[in-house]
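So the protein lines, in turn, are chains R and P.
Residue numbers for the first sequence follow our numbering, beginning at 3 and rising by one.
Residue numbers for the second sequence follow our numbering, beginning at 3 and rising by one.
Hints listed in this document are in silico derivations from the structure and should not be mistaken for laboratory results.
Take these hints with a grain of salt, some might be off.
Claimed, not checked - Some residues of chain P that are not near chain R, with every Cβ distance over 10 Å (derived):
no., residue
1, Asp27
2, Val35
3, Cys41
4, Gln117
5, Glu127
6, Lys128
7, Arg135
8, Ile207
9, Ser251
10, Lys261
11, Asn288
12, Gly290
13, Ile330
Stated by the list, open to error - Label pairs and their calculated CB-CB ranges:
no., chain 1, residue 1, chain 2, residue 2, range
14, R, Asp113, P, Arg145, 50 to 60 Å
15, P, Gly25, R, Ser33, 21 to 31 Å
16, P, Lys78, R, His209, 28 to 38 Å
Unchecked claim - Not everything, but these chain P residues come out facing chain R in the computed CB check (under 8 Å):
no., residue
17, Leu82
18, Gly94
19, Ile175
Keep in mind it's a predicted model, so treat the numbers as computed, not measured.
We put the beta carbon where it would ideally sit given N, CA and C, even for glycine.
2 protein chains.
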Amino acid sequence: MGDLRLDPMTARWVIISTEKDLGPDGYDIESPVIKGGTCPFCPENEKMTPPEIDADRPTKTAVDTPGWETRTVPNKYPALKNEPGPDRQGVGMFDMMNGIGEHEVIIEDIDHDKQLADLSVEQIEKVIRVYKRRSIELGKDERFKYVLIFKNYGLAAGASLEHSHTQLISLPIIPKRVMEELECAHRYFDYKERCVFCDIAKQEIEHCHREISENDDFVAFSPFASRSPFEMHIMPKVHNPYFTDISDSEIVNFAKILKDVLMRIKVALKDAPYNFIIHTTPLNGNHGIQEYYHWHVEVMPKLSKIAGFEWGTGFYINATSPETASKILREAKV
Amino acid sequence: MGDLRLDPMTARWVIISTEKDLGPDGYDIESPVIKGGTCPFCPENEKMTPPEIDADRPTKTAVDTPGWETRTVPNKYPALKNEPGPDRQGVGMFDMMNGIGEHEVIIEDIDHDKQLADLSVEQIEKVIRVYKRRSIELGKDERFKYVLIFKNYGLAAGASLEHSHTQLISLPIIPKRVMEELECAHRYFDYKERCVFCDIAKQEIEHCHREISENDDFVAFSPFASRSPFEMHIMPKVHNPYFTDISDSEIVNFAKILKDVLMRIKVALKDAPYNFIIHTTPLNGNHGIQEYYHWHVEVMPKLSKIAGFEWGTGFYINATSPETASKILREAKV
Chain R
3 MGDLRLDPMT ARWVIISTEK DLGPDGYDIE SPVIKGGTCP FCPENEKMTP
53 PEIDADRPTK TAVDTPGWET RTVPNKYPAL KNEPGPDRQG VGMFDMMNGI
103 GEHEVIIEDI DHDKQLADLS VEQIEKVIRV YKRRSIELGK DERFKYVLIF
153 KNYGLAAGAS LEHSHTQLIS LPIIPKRVME ELECAHRYFD YKERCVFCDI
203 AKQEIEHCHR EISENDDFVA FSPFASRSPF EMHIMPKVHN PYFTDISDSE
253 IVNFAKILKD VLMRIKVALK DAPYNFIIHT TPLNGNHGIQ EYYHWHVEVM
303 PKLSKIAGFE WGTGFYINAT SPETASKILR EAKV
Chain P
3 MGDLRLDPMT ARWVIISTEK DLGPDGYDIE SPVIKGGTCP FCPENEKMTP
53 PEIDADRPTK TAVDTPGWET RTVPNKYPAL KNEPGPDRQG VGMFDMMNGI
103 GEHEVIIEDI DHDKQLADLS VEQIEKVIRV YKRRSIELGK DERFKYVLIF
153 KNYGLAAGAS LEHSHTQLIS LPIIPKRVME ELECAHRYFD YKERCVFCDI
203 AKQEIEHCHR EISENDDFVA FSPFASRSPF EMHIMPKVHN PYFTDISDSE
253 IVNFAKILKD VLMRIKVALK DAPYNFIIHT TPLNGNHGIQ EYYHWHVEVM
303 PKLSKIAGFE WGTGFYINAT SPETASKILR EAKV
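Between the sequences and the hints, there should be enough to build the whole structure, so can you do that?
Structure, rendered in C-alpha cells:
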C-alpha cells in the first residue's frame, strides 16, 4: 500500500505511495517556458539590471557592457537589503528584526536559449566558481549567518525570467530547515560519532537501490524518504562541511554531476520545472559543527502540487517511490 | 524594505516584504475550476464511490442511494490504509513503518455547483458535525496519534474533483508541523504559564491591527508572521485543546466564521484556490498538553508558488504584509 519513511536528515516522515508508484506520465508536468518582453539578462541589455558586482570578462571589457561569460548583479526586487541592523525587537508579544541581507542573481551564460543543463561542463565550472566566489565574499560580513544558493527553473518552480540564472542570498539567521538538519546530524553524531551524510552516501553507493550516477568526488541518488517525486540529492563523497571549501578538481566533478542530473530531468521528466538548493554549514558555526554537517545539493523537480495535507502536517505524500524514480532517472539516455 | 518576523507558534522566521506589499492584483491567481467527466460525488452516482461510512439522511433513505445531505466515503485513492501494524523497522540505517491510517472524504452538499462558502450556515453546521463525528470515531483506534481535517479547493491547491469536499486522515505518528507547534507552545507555557494561542487571540482582538472578523466564540485574523499572502487563522476565543470538544453552540459560530472567511477569499481574492487545515491536540497526548495547545484553523489562499528559497530554508517570503492583507479582507463586502 504505502510506506511511512523517516528522513534521517530532518526527522521528517514521508508517505511513499508504493501502490501508485507513478512514472513521469502520471503527472501533469507544466512547461518551463516563461514568456516575457526584452530580456534584462541578455548581452547589450546590461543597463536593464542594477550595476554588476562580479563578471567573468576574459578580454577585460568594461563593466555593464557585453563581453562577459558570467555576470552577477543585485536582484532588482530583493527579498532583503544590506542596511544597518539587524535590530531585533519585540512588538507586543511578537519578535521581529529588519530584513538585512544581500540578494544577488548570477546570470550563467550569454545565450538566452540555453538552460544550465545545456551549457558545457567548462561553462558550468565557471558558474560554480562564481557560486564559490560570491559565497566567500558575502560570508565576510559577520552579521550574516548563512549564504543560500538556489535556482528556480520554470514558472511552476517560481522563476520569473527565462534566461538561465541562479540566486544567492545572505541571511542574518540560520534558516529553520538547516537548523533541523543540524540538530538531526548532531544527534546522530553524538550517538554514532560519524557524519550522517557520509553514512547515507556510503550506504547508497554500496546498495545501489537508489543511486542515479556518480564520479570520483560525488554521488547522486534518490533519497530514501524523498519528499517529492524524483527528488535527487548530490553529495560529496568525502566529508566536507563547507561548500566554499570545494577544490578546483572537485569543481570539475561537481559541474559534471550537476549537468548529468539536470539532463536527466530534461530527458526523463519532459524538461520539468525544478528547484535546487545548496545546503552548507552556517557561517561562524559552533565549535564541532564541522564534524557532523556535510554540504550537499537538493534537487526537486516540480511535478506535483503542495496541498493542504502537506501544509497541515509538514510532511509529504509522494506518489513515486525513490526506488522507481532512481531507476527511471538512471536509465535516461544522457 | 522588509521585516523578518518570528512566528511564535512554530519559531519559524518569515520575510515580509513591506515594500512591495502586493494587493490581490499583484498575483496571477489561478481559476479554481476543475474540469472532469461524470462527478462521483453527485446524487445518483453513489455507486462510483466506495461504500459510504456516514451520511445525513433525514428521511432515512438507503445507504449509497440519493436522499443524503452530507455523505462520507473512504478515499478511493487513499494515502494510507487501515491494515495491521504499524510495524516499525530498520532498513539499513533508515527507519520505516507500514502506512496505516484511514483516509476519508466528506461530501459537503448535494449541489455540484456550490462550494463550501456558498452553503447556508445551517448546511455548514452539518458539515462541521461530520468533522466532529468522524474525528471522534477515528480517534477510537489507539494505534492512531492524530486525526487531520483538511480541505483543498481548486486545482492549484491540490484538489482533483470540483464537487465540494473535505478530507480527513488518521495517522500513526504526530506530524512534524504539529510537533513544532507543540514544542513552541510548551516552551511558552513553561515560561509564561499561559497558552500562546490564547495570548495571540487576545492580542489580535485588543490591537485590531490584523483582525478580520469575530463573533462570540471565534476570531479570524492575519497572523503576524504569515507564511503566504492573505493567510488567515481562525481561533476559538476560549481555551480548548481538542476540536472534538466543540460544543453545539460553538458549532454555529464556527460555521458562521468559516463561511465569512471563505466568502472573503471569494470576494476579495477573486475566488482564489485555498487550503484549510484544522490543527488539534494529538490523540492520547502527554499529561499537561491540554493546558498549552489550542485548536485552530489555518486558511491558506493559494496566490503564489513555493520556490527554491522556501524549500531550501524552510521559511517563506511573503510579498503582502498581514496588516495590508487583513485590511483588504476586512473591508470585503460579504
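Status of each hint after checking the structure:
1. Asp27: Given a closest Cβ separation of 16 Å, the condition holds.
2. Val35: Given that every Cβ of chain R is farther than 10 Å from that of Val35 of chain P, nearest at about 15 Å, it holds.
3. Cys41: holds, 20 Å
4. Gln117: holds, 15 Å
5. Glu127: Holds, because the least Cβ-Cβ distance between Glu127 of chain P and chain R comes to about 21 Å, which exceeds 10 Å.
6. Lys128: holds, 21 Å
7. Arg135: holds, 20 Å
8. Ile207: holds, 12 Å
9. Ser251: holds, 26 Å
10. Lys261: The claim stands: Lys261 of chain P keeps its Cβ more than 10 Å from every Cβ of chain R (closest is about 18 Å).
11. Asn288: holds, 18 Å
12. Gly290: Holds, since 22 Å exceeds 10 Å.
13. Ile330: Holds, since 21 Å exceeds 10 Å.
14. R:Asp113 <-> P:Arg145: 50 to 60 Å: Holds, since Asp113 of chain R and Arg145 of chain P (Cβ atoms, about 57 Å apart) stay within the stated range.
15. P:Gly25 <-> R:Ser33: 21 to 31 Å: holds, 28 Å
16. P:Lys78 <-> R:His209: 28 to 38 Å: holds, 35 Å
17. Leu82: holds, 6 Å
18. Gly94: holds, 5 Å
19. Ile175: holds, 5 Å
The structure shown violates none of the earlier numbered hints.
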